[in-house]
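Generate coordinates for the entire structure from the input sequences, incorporating the hints supplied.
For the record, the sequence lines run as chains A and B.
Number 414 in our numbering belongs to position 255 of the first sequence; there are no gaps in the numbering.
Number 94 in our numbering belongs to position 88 of the second sequence; there are no gaps in the numbering.
What the hints contain is simulated information worked out from the structure, not anything from laboratory work.
Owing to the predicted nature of the structure, the values given are computational and were not obtained by experimental measurement.
Treat the hints loosely; a few may be bogus.
Now the stretches of chain A that chain B is said to cover, found in silico as 3 or more residues with beta-carbon under 8 Å [what the hints assert, rightly or not]:
(1) 303 to 315
(2) 347 to 359
In silico negatives: residues of chain A with every beta carbon more than 12 Å from chain B [to be verified]:
(3) Pro178
(4) Thr212
(5) Phe278
(6) Val540
The list that follows gives simulated cross-link-like pairs (lysine to aspartate or glutamate, EDC-like), each with its CA atoms no further than 20 Å apart [what the hints assert, rightly or not]:
(7) A/Lys168 <-> A/Glu287
(8) A/Lys284 <-> B/Glu220
(9) B/Lys106 <-> B/Asp94
(10) A/Lys284 <-> B/Glu219
(11) B/Lys136 <-> B/Asp24
(12) B/Lys76 <-> B/Glu126
Where is the CB? At the ideal position from N, CA and C, for every residue including glycine.
Read off the chains here:
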Amino acid sequence: MKEKLHQLKLKYQGKKMAPAFNALHTFLYMPNETTHSGAHVRAADDLKRTMNTVIMALVPCLLFGMFNAGYQHYSAINGFPESFSLFDHFLTWDNFWVGVTTVLPLVIVSYGVGLAIEFLFAVIKGHEVEEGYLVTGMLVPLIIPVDTPLWMLAIAVAFGVVIGKEVFGGTGMNILNPALTIRAFLFFAYPTWMSGDKVWVHEGVERAGTADAISGETVLGSLAQGSDYAYSLSDMFYGFIPGSVGETSTLLILLGALFLIFTKIASWRIMVSAVVGALVMGLIFNGIVDAGWLPEYSKFYTLMSFPYWQHLLVGGLAFGIVFMATDPVTGSQTNKGKWYYGFFIGFLSVMIRVFNPGYPEGVFLAILLMNVFAPTIDHYVVKGNIKKRLKRFKTATIYPKSSDEVDTLKTETA
Amino acid sequence: MALLSKKDANLIKDPLADNNPITIQVLGICSALAITAELKASVVMAISVLFVLGVGNVVISLLRNIIPAKIRIIVQLVVVAALVIIVDQVLKAFAYDLSKTLSVFIGLIITNCIIMGRFEAFALGNGPWKSFLDGIGNALGYGVILVIVGFFRELLGSGTLFGMKVLGDPIAKTGLYSIGYENNGFMIIPPAALIVVGIIIWVQRSRNRALIEEA
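Okay, structure coming up:
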């Protein structure tokens, strides 16, 4: 098999479909080419490995999302269980089966359409198929509601990959995170399927208006309307709440984050600073409420008085910070820039949440906005560093070397 | 074509394709974003600009030898403003609803850079007949893009064309809507116009690679 593929590759070298074939080939086996010149650093962390690591970190979220799809569905019909037990009520085959029938098609469509477009562009442009879509394809089903119609997802994925990525030059050249571009497109194109209290639970939309109507408002959605929510703190932390497929379980996202930091795939600076940013903004809002500056009838009151640290548990903030903000292509590249970049993502996310009840989920907008500003941040960080060094150079005392080589100068910083 | 010499015909043909004011010169983008959510508004806007630019170019061309160079911009503005007010009043008299949809954008034809651009670049240096053809050509080039953008935005965004429900009724769920199709709200908002124009530019330049600028 392996040898045959190697021979096939040689046979079709330079043909039109070669990139498509090569992509499959290198996915299955190690290429048999060797380089002939120079010295090379051998490392296992190529693009495919990087992407696969992120996917591994996402798998727990996906599995949890599948179970949660069923759990929310049955709970909305039969009522939430009185005494919750993990194995009796959550990890059941019934729940899992709902997940298989709702979440798996989303994954398949996301990958199918996205990879088809990647292959198409690779063949047209005559370059190798890039692996960039592997992570995007997994992220997309996790950040949309379970019942998103598949054709909408297909259109959004096509839009996101073509307009969000390929027009900029493909993987590594994109300004905006493709997965979030896809979600933003869905959000603005089909708002009725992306927000409200019907879409978060499987079959919620079909049953709306009938006697069997089920409601599964997200915590943020309830808060935006100034009403109460029926979920405890541990529900929010473990993720037994309605929401987009993979974003609900803060615990599993935390595990994914630790895994990504441990494998050095994602930047811990961005994660930490984003958490700090969100907490700071939350504290400011709590402070305003505590100081009594905001009357209770204000429409911002419930969201502003929501305890600052609980913002991290609800909605997609944790998911966005860990898996989206840390995208190495669209984020800041400099270490100092990462602090600013992350901080503003957290800060703006909470701000959008509170100030715009129409967008109870501000994370994706905040990250997209900061994606746009990331190169600017980097620019000023680099400029600042140059300035600092120039200043140091000016105040430096330069001694001529004691030997007779006058042109080699020894610099000592002041 | 016997009616026009080859050179004159090119004055009309060039702006329609390889020297399009929107896709190649990237002028007049503002109105292309603002009023193309409906096809009808796009068509009316295109016709208005056609009138203003066609007549305006002739007027400026006739006046070109007596306009003092120092105040030519003011003279041009007066001519455009007069023509735009005529268009505006005609619309208000005969198509009041439409003039409401177009609102301030008819008035803003005055600031449309295509018009000042043609006055400056062509009418001031050419005779009235040539200027007329140039004006018509550029206005058509602008109009074609407007109509294409308006067509896609109205069809995908509202499921209608000229207000007619070509894809079925979204509320009664007939036609395409009966199988779950839904209008794309994204196409209604102005950024979609930029993306559609961008795609047109993309298609045009990949068909004619000579148009691609040096980076």
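A quick look at each hint next to the structure:
Chain B is given as covering the region 303 to 315 of chain A, and this holds because 4 residues of the stretch bring a CB closer than 8 Å to a CB of that chain, at least three being needed. Coverage of the region 347 to 359 of chain A by chain B holds. Counting CB-CB distances below 8 Å, 6 residues qualify, and the rule asks for three or more. Every Cβ of chain B is farther than 12 Å from the Cβ of proline 178 of chain A; the closest lies at roughly 19 Å, confirming the non-interface assignment. In this structure threonine 212 of chain A is separated from chain B by more than 12 Å, as the shortest Cβ-Cβ distance comes to about 33 Å.
Phenylalanine 278 of chain A, annotated as away from the interface, keeps every beta carbon of chain B farther than 12 Å; the closest lies near 19 Å. For valine 540 of chain A, the shortest C-beta to C-beta distance to chain B comes to about 26 Å, beyond the 12 Å cut-off, and the non-interface label holds. Under the criterion of a C-alpha separation no larger than 20 Å, the hint pairing lysine 168 of chain A with glutamate 287 of chain A is consistent with the structure, at around 13 Å. Between lysine 284 of chain A and glutamate 220 of chain B the alpha-carbon distance is near 19 Å, which keeps this suggested pair within the 20 Å criterion.
As the CA atoms of lysine 106 of chain B and aspartate 94 of chain B are separated by approximately 10 Å, the hinted pair is consistent with the 20 Å bound. With a C-alpha separation of about 19 Å, the suggested pairing of lysine 284 of chain A with glutamate 219 of chain B holds against the 20 Å cut-off. Between lysine 136 of chain B and aspartate 24 of chain B the CA atoms are separated by roughly 19 Å; this keeps the pair inside 20 Å, and the hint holds. Between lysine 76 of chain B and glutamate 126 of chain B the alpha-carbon distance is near 13 Å, which keeps this suggested pair within the 20 Å criterion.
Figure legend: structure checked against the earlier numbered hints; every hint is met.
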